[in-house]
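K.L.:
Kindly generate the complete structure, drawing on both the sequences and the hints.
From first to last, the protein sequence lines stand for chains A and B. So the first sequence is numbered by my numbering: it starts at 7 and just counts up by one. So the second sequence is numbered by my numbering: it starts at 9 and just counts up by one.
Simulated from the structure, these hints should not be mistaken for lab results. Treat the hints with care, since some could be wrong.
Sample of chain A residues facing chain B (criterion: CB under 7 Å; computed from the structure) [as the list claims (entries may be wrong)]:
#1 Pro14
#2 Gly202
#3 Ala245
#4 Lys264
With a straight-line Cα cutoff of 25 Å, these simulated BS3-like cross-link-like pairs (lysine-lysine) come out [as the list claims (entries may be wrong)]:
#5 A:Lys141 with B:Lys215
#6 B:Lys250 with A:Lys145
#7 B:Lys98 with B:Lys86
#8 B:Lys215 with A:Lys54
#9 B:Lys254 with A:Lys67
In this text the structure is predicted, and so the values were computed from the model without any measurement. Positions of the beta carbon are idealized from the N, C-alpha and C atoms, including for glycine.
Given next are the chains, with one letter for each unit.
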Amino acid sequence: MNKALRSPITYFLFLLPALVLFIAFFIYPVIVAIYYSFTNWNGFANYKFIGFDNYIRVMSKADFWASVKNNGFFILFSCFVQVPLIIFFSLLISNVKRLRGLYKTAVFMPSVMSTAVIGILWGFIYDPDVGLLNKILGKLGIDPIMWLSDEKWAMISILITNAWQWTGFYIVMVLAAILSIPKELDEAAMIDGATGIQRALKITVPLIMPIVSVVIMLSIAGAMKAADIIIVMTKGGPAGSTDVMTTYMMKHSIASFKYGYGYSISVLIFIFTLLITLAYQFLIARRAERIEY
Amino acid sequence: MKKGLVLLTTLLFIATTALTGCGGGAKESGSSNGTTTPETKTDTKTETSSEPFDLKLRHTQVGESKKNRFNILQDVVKKTEGEIAGLSVKLDGVESEVNRKEKLRAEMTNGDPPDIFDAFGSPDVKLYAENGLVADIAPILDELGIKDDFLSHTQWEKDGKIYGLPVGASIEGYFYNKEYFEKNKIEIPKTLAELEAIAEKVKQDGKIPFAIASKDAWVPLMTTNNLWTYYAGADVTKGFAKGETKWNDPKMIEAFAKHADWLKKGYFKQGELGLEYATQRNQIINEEAIMMYDGSWATSVFADKAQSGKMHGKVGFFMMPPLNAGDGYSIMFDSNNGYAFSQKAIDDPKKREAIKAFIKNLYNEEMQLRGLKEDGVIPSMKVEQAKLNETAKGNDLLEAILAQMGEVKYTWPAFDALVQADVNTALSQQIQKMISGQATPQQVGDEVQKVQDEANAAE
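P.N.:
This is the structure we're talking about:
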């Protein structure tokens with residue numbers, strides 16, 4: 007038995023199913039995407055190779071770069087607004103003595119709801135005439151804001167909704183990390199006279215940095231592939247001002263019968279995501295210290 | 009021995025996994041092997057066989073405003089199931105814009121469209137037909153003897169073959185609050201200047217002149233399309249794809265500028281770019297707006313008390329007037345939306361028979377008149393005028409629409425039936441930019457023309 011398990015063939019055979027699935031659902035589509043991105047394929051038959059024409063055309067479109075910028079907003083909002091909030095609320099909930107389970111469930115709830123439901127729900131909140139937000143602003147004597155119709159507000163409205171949907175999911179992850187920190191560390195600091203804020207900032211936060219790093223990583227990946235919330239809430243509008251790369255790709259490939267062109271955008275999304283995650287890994291994540299208690 | 013056992017178990021596991029993965033494919037290939045070509049029809053066998061089989065039908069009759077259309081479809085499906093032994097029709101409802109621009113296009117690329125599907129004849133179905141994905145149903149129409157009963161199949165024809173059937177026809181124009189017009193002694197406008205004067209008066213009265221919801225760009229483009237046919241000619245749109253006319257022609261720019269001028273003057277609801285099409289009618293129903301440019305299909309909403317509330321029976325219709333009195337009305341009239349049928353389904357004799365029964369049950373005078381009465385859809389088949397008038401009796405709005413159709417001088421199909429899909433995408437983007445103040449009329453024309461040139465060069 008041991009001899010059999012030492013044989014590389016056995017391991018290879020065990021790996022084979024996963025490998026087949028990985029090749030079929032990841033490697034093959036990537037190769038196909040790269041292949042077609044150099045063609046003028048319309049989604050059906052007859053195509054010819056046109057070199058880098060699709061890439062040149064995409065890169066020359068101001069609307070494409072506007073969509074890249076919107077992906078950037080997603081990342082920045084996630085890292086600099088959402089993550090601090092996640093840490094803040096996780097610290098609050100971790101210190102709650104009663105009904106912690108209720109709080110955990112309450113914050114986690116949006117992440118199990120369908121994006122379509124959330125989009126419609128927030129659509130009502132943002133409604134310019136009868137929406138909750140404008141009603142509140144009205145009480146304060148502020149003119150109504152066209153949240154989803156005005157290009158100045160539409161993107162931030164989506165970012166807030168997206169953050170509302172996913173913050174709870176990450177809070178539960180960070181909370182698990184906080185609760186796994188040995189109590190002795192906190193107690194020792196308390197005996198030494200550290201205040202609650204000092205203990206949170208000097209002990210808890212540094213100890214949960216590995217999981218925060220994962221949260222940032224997942225947020226970046228989520229930001230790069232964001233599409234559903236935008237489609238439900240604005241369809242990329244008004245006038246393309248909330249388009250991200252994926253929604254831009256859908257409009258200009260499937261809806262326009264230009265699949266070759268669409269594939270070139272998908273390859274660019276792949277490259278950009280790879281570069282950002284690699285940069286994050288090498289520049290930030292790797293520097294994070296390994297935590298050992 | 010032990011090593012052999014482990015290897016054998018591993019191989020068995022892999023083989024099982026692989027075979028499980030292949031299961032679906034094997035079933036599919038079996039069924040496709042069992043099909044025969046239309047030339048070897050087995051009609052008698054099909055009629056007597058009660059072996060169950062499914063037919064997937066993609067429709068777009070979703071939502072309250074389309075409930076009458078959905079009822080008609082359900083009755084047709086029920087009747088068809090009753091006539092074809094073993095048939096079970098699986099209804100698959102998808103929102104129209106999503107079906108047209110995303111779902112169906114992706115299914116076509118995969119070569120696996122539903123058996124029967126809601127589609128737009130031009131340019132969509134013609135492109136699918138070029139690639140052998142949609143069936144020529146001219147032989148079925150011949151068998152049923154209804155080939156010449158349609159007003160027009162032009163938008164569904166290619167090289168003498170017919171690739172689908174329009175479910176109805178439609179025109180576009182202004183629905184308006186009759187009570188408001190009467191109360192304020194406003195006459196139906198005979199020129200565009202008169203229409204603008206009404207809009208100004210309504211605005212001064214604190215109401216919104218034109219209801220609008222432009223989240224989907226085709227909604228404001230209905231207005232722009234009508235404007236450019238008055239400024240640049242009824243046939244101008246036909247020339248874009250042929251390179252004979254240009255989007256940035258001065259006359260086209262004048263039309264875009266007129267739309268932009270109305271935007272600037274505040275004739276449309278503020279924040280229109282964030283509003284869904286369905287909410288446009290609400291602006292009329294809650295009397296926030298006085299006029300609304302829409303298709304004749306909106307009649308069903310105003311004819312239904314449950315949907316139109318206190319505005320029931322109080323909505324009238326007039327066509328967009330010409331620039332000068334006496335120039336003649338120029339309106340959108342087309343029958344580009346309907347049902348098409350997958351080639352794979354037609355190649356299966358049982359499905360072909362079911363599709364034939366579906367066509368027989370949907371495309372007949374009774375259903376066309378029912379569509380007119382219950383849903384306000386103008387028949388796509390030839391029906392005597394007297395029968396149309398009789399059917400419309402009691403529905404003032406419908407009577408007004410039918411009566412005004414007689415005054416039309418020029419008709420044209422909607423722009424999206426005449427230009428390439430990528431031009432439609434560019435125009436949609438640009439008109440929304442113009443609405444949000446990010447593009448001037450000239451920029452709209454220039455940007456769309458650039459994409460038009462690329463699309464023409466690619467053909």
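K.L.:
Hints first: check each against the structure and report whether it holds.
P.N.:
Hint-by-hint comparison with the structure:
1. With 7 Å as the threshold, the beta carbon of Pro14 of chain A stays out of range of chain B, its nearest partner Cβ sitting at about 12 Å, so the hint is violated.
2. Nearest Cβ of chain B to the Cβ of Gly202 of chain A: about 44 Å, over the 7 Å cut. The hint is violated.
3. For Ala245 of chain A, the interface hint holds, since its Cβ comes within 7 Å of a Cβ in chain B; the closest pair sits about 4 Å apart.
4. Taking 7 Å as the C-beta contact cut-off toward chain B, the hint placing Lys264 of chain A at the interface holds, the least distance being around 6 Å.
5. Under the criterion of a C-alpha separation no larger than 25 Å, the hint pairing Lys141 of chain A with Lys215 of chain B is consistent with the structure, at around 21 Å.
6. Simply put, Lys250 of chain B and Lys145 of chain A have alpha-carbon atoms about 57 Å apart, too far for the 25 Å limit, and the pair is violated.
7. In summary, the hint linking Lys98 of chain B to Lys86 of chain B is supported, as the alpha carbons are separated by about 11 Å, within the 25 Å threshold.
8. Note on Lys215 of chain B and Lys54 of chain A: the hinted pairing is violated, with a Cα-Cα distance of about 55 Å set against a maximum of 25 Å.
9. Taking the CA atoms of Lys254 of chain B and Lys67 of chain A, the gap is about 22 Å. The hint holds against a cut of 25 Å.
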